[in-house]
Amino acid sequence: MLRYMIQRMLLMLPTLLGVALLVFFMLRVMPGDIVELKLRADGASVSEDVLNQERARLGLDKPLHVQLATWLGGMLVGDMGLSMWTGQPVAHEIAIRLELSLQVSFMATLIAVLISIPAGTVAALFKDTWIDYIVRVLAIAGLAVPSFWLGMITILSLLTLFSWLPPITFTPFLQDPGANLAQLIWPALAVGYRYSAVATRMTRSALLEVLREDYIRTARAKGVFERLVVARHAMRNAILPVITVIGLEFAFLIGGLVVTEQVFNLNGIGKLFVQAVGRGDYTLIQGLVMLVAFIAVAVNFAVDILYAVFDPRIRYGGR
Amino acid sequence: MTICHLIIATALAAAGAALPLVAQEMPKRGGTLSFAVNAEPPNYDCHANTSFAFIHPVAPHYSTLLKFDAPKYPAVTGDLAESWTVAPDGLTYTFKLRANAKFHDGSPVTSADVKATYERLRNPPAGVVSIRRAQYADMTEIQTPDATTVVFKLKAPDASMLQNFASPWDCIYSAAKLAEDPKFPEKNVFGSGPFTFVEHVRGSHWVGKRNDAYYLKDQPYLDGYKAVFISGAAIINAIQGGQVSIEFRGQTPAERDRLTAAMGDKIRVQEGPWVCNLVIGFNTEKKPFDDARVRRALNLALDRWGGAPGMSRIAIVRDVGGLLRPGYSLAANEADLTAMPGFSKDIRASRAEAVRLLKEAGHDKLKFKLTNRNVPMPYSPVGIFVIDQWRQIGVTVEHDQLETRLYQAALSGGNYEAGMDFNCDFMDEPNLQLLKYLSAKNSPINYGRYNDAKLDDLYEKQKRASDPKERYRLVREFERHVLEQSYTFPTIWYHRIIAHSPQVKGWHVTPSHYIHQELSSVWLSQ
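Here the protein sequences come in this chain order: P and R. In short: position in the first sequence from 1, add 255, done, that's this note's numbering. In short: position in the second sequence from 1, add 3, done, that's this note's numbering.
I should point out that these hints are in silico values taken from the structure, not numbers from a laboratory. Every residue gets a Cβ at the ideal spot worked out from N, C-alpha and C, and that includes glycine. One or more of the hints may lead you astray.
[Unchecked claim] Computed footprint of chain R on chain P; a stretch qualifies when at least three of its residues, placed anywhere within it, have a C-beta under 8 Å from a C-beta of chain R: (1) 292–299; (2) 397–404; (3) 448–460.
[Unchecked claim] Only part of the chain R face toward chain P is listed, based on derived beta-carbon distances under 7 Å: (4) T53; (5) V79; (6) H203; (7) G206; (8) N240; (9) A241; (10) G244; (11) R408; (12) Q411.
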């Protein structure tokens, strides 16, 4: 098990390096210039000399291999560089938004798990009954309705029906849990609903498949209580693909709540991502991509470990 | 109209005229103003920024030498300067500073600080960006005979110089701080304005609190302010929900109508003309736009007078004008304007001429691409409007709406045929608004890539003209030449709409969203 874990961790390094090279060169191929956007986009008459000075200050006049070496060298010692737009450290720009994005992702995941596991299980156990139909309709609706649209409807409903809106600035949970939840529960619900729809369908289909297995039939034939058959034998196997889906969705949520963050005016990673791409802020985009890539590989790693915990047949270190 | 109607109308008019006197409210002290800002400043240096997103949260921390008197715009009034004189030859400007002005650490603001600021503006040290350096190119020397007197010497008169000293971008910095680090203002907020800096949470908000040592008696009235960085529909929701009281850049007609319908008397609307417009420019290095007949035909095809009323219902545009904002003293009056190419009220005759010119140039089936910015208001509706106008003379145009970064790269790199360009300044002033039309070698924002010595010469002459009538004549000559050549021509001028809480007092809509943002005179009625 330990050997497997070390192997998987070492495999993360070439993945991250590949992502780093890809994002570095792809950004440089795209047209556009952050300096021109910063100094001329509002119509100001700024000379080419001033633009060149600013490009030199940002290191954009240096050859690509020098820029790459500088960036990778910094990353190795934990220095993600400075944002080309704000001049602030990239790590700082990310850190002030990460708490919010992580909290929304955790809350949405929690909501999704609390809805999807029971709903998917009930739908599988009562297949082709009215209970199953209701769960399936709600799940399909969750997939069909974009979470940003649900968010807009939520905001307008709160405004129209209660003349109330969630707070527009973020308060950390430990500082004021009430204000924190008043702001974040709405996006978590909007995102969690769509997320739960994916996981519900996965739970239902995985459980249905497992319930048709021979060992389940054997367990039933032996007279094991149905509740034990489902909880102990079926769910342990059916939960594996659900864990994968939940893990991937969670990794996506960290940087992928772009429109939802816009609708709820959340100062999160997704909004920062869009702003950085719009401005062509190379260093910030690189930092964000590396963060999301790291979270994705780390979540995948965690999912693999959870597989071993839930599935007794998996003996990674047993060779 | 009957006699009775006339009497009632006269009485109502008289009552209306007297109303401001009757309803004059005394400013109240206290409260925190929350307002929305649609974007966020990249850094804190006034001299290196260009966006309203910078001015709105940052301006309340700083003083300038002069400032615009918002209710009497374009008149200027003293800010740090208590009084000033301009020599008859227009070459010397002398300012007497307030003796009680202090920076936020309590140190006095002296002539040395003003000198250091303007030296930084006109001759920035290495690594410092001074965007408006060219505006002070005529300045030869800055003298400081005593701690409260500062004298600017110019090598040639400049008709716009006094207003330049009211530029909201020319924040006065501490000479001591600049001596320690010329880039100090980039990462620090340290001024002498009505509000001191409390915090800036990136991506979220900005907070300022009252400067109790401010030099204007009883001001500022507010205890503080909070600028919240939100965008899009969230701003209108926040105004409707009472989370912010105002957004100073402007709302669209649809947003105004939504707020007034939903809030009734709980919303107040101020509207006025705006020193911003969208212009159509052509890449004169690309055929057929090297041919003045083609460009002029496309100018003639626009029915600005007919289109403006309809456009004003769906977009933040309203007034028809030439190169200067309609209503401004140096802008063309209607008689002069309608005689200019593209501004005749006889659109049939204009379009017939346009068709003739295209045929003569051999381009009667013209097709091209209009490069536009993918900003919904007002770029998209104005782009659609002009394309439809051109369709009516048989020209087919593809609307290519690009993300701002790509759009900017296309224009400045010359990778476009026709482009929607933008002009927006902090004041009405030919020296600013005509800059775009100068030869490419003299204007970094001439994306038409043409050179025209006549325009350069006329620009220089009007800049030096001290007689307003002579300046008006020179500006008209410049304008006529631009429109005859049609390198670049205006569409419809912006119209500024501000819907805000009626509790916000002491703030007046002005033709620029860059000025009157120091908030010292703003107060809350509750």
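Comparing the hints with the structure gives:
1. 292–299: Holds: 8 residues of the stretch 292–299 of chain P have a Cβ under 8 Å from chain R.
2. 397–404: Per the Cβ count (0), the hint is violated.
3. 448–460: violated (count 0)
4. T53: T53/R check passes; min Cβ-Cβ to chain P is 4 Å, inside 7 Å.
5. V79: 21 Å, violated
6. H203: 10 Å, violated
7. G206: Holds: closest Cβ of chain P sits about 4 Å from G206/R, inside 7 Å.
8. N240: Hint holds; N240/R Cβ to chain P Cβ min 6 Å, cut 7 Å.
9. A241: 6 Å, holds
10. G244: Since the shortest Cβ distance to chain P is 4 Å, the answer is holds.
11. R408: Hint holds; R408/R Cβ to chain P Cβ min 4 Å, cut 7 Å.
12. Q411: Holds, because the Cβ-Cβ distance from Q411/R to chain P comes to roughly 5 Å (cut-off 7 Å).
Figure legend: structure checked against the earlier numbered hints; hints not met, in rising order: 2, 3, 5 and 6.
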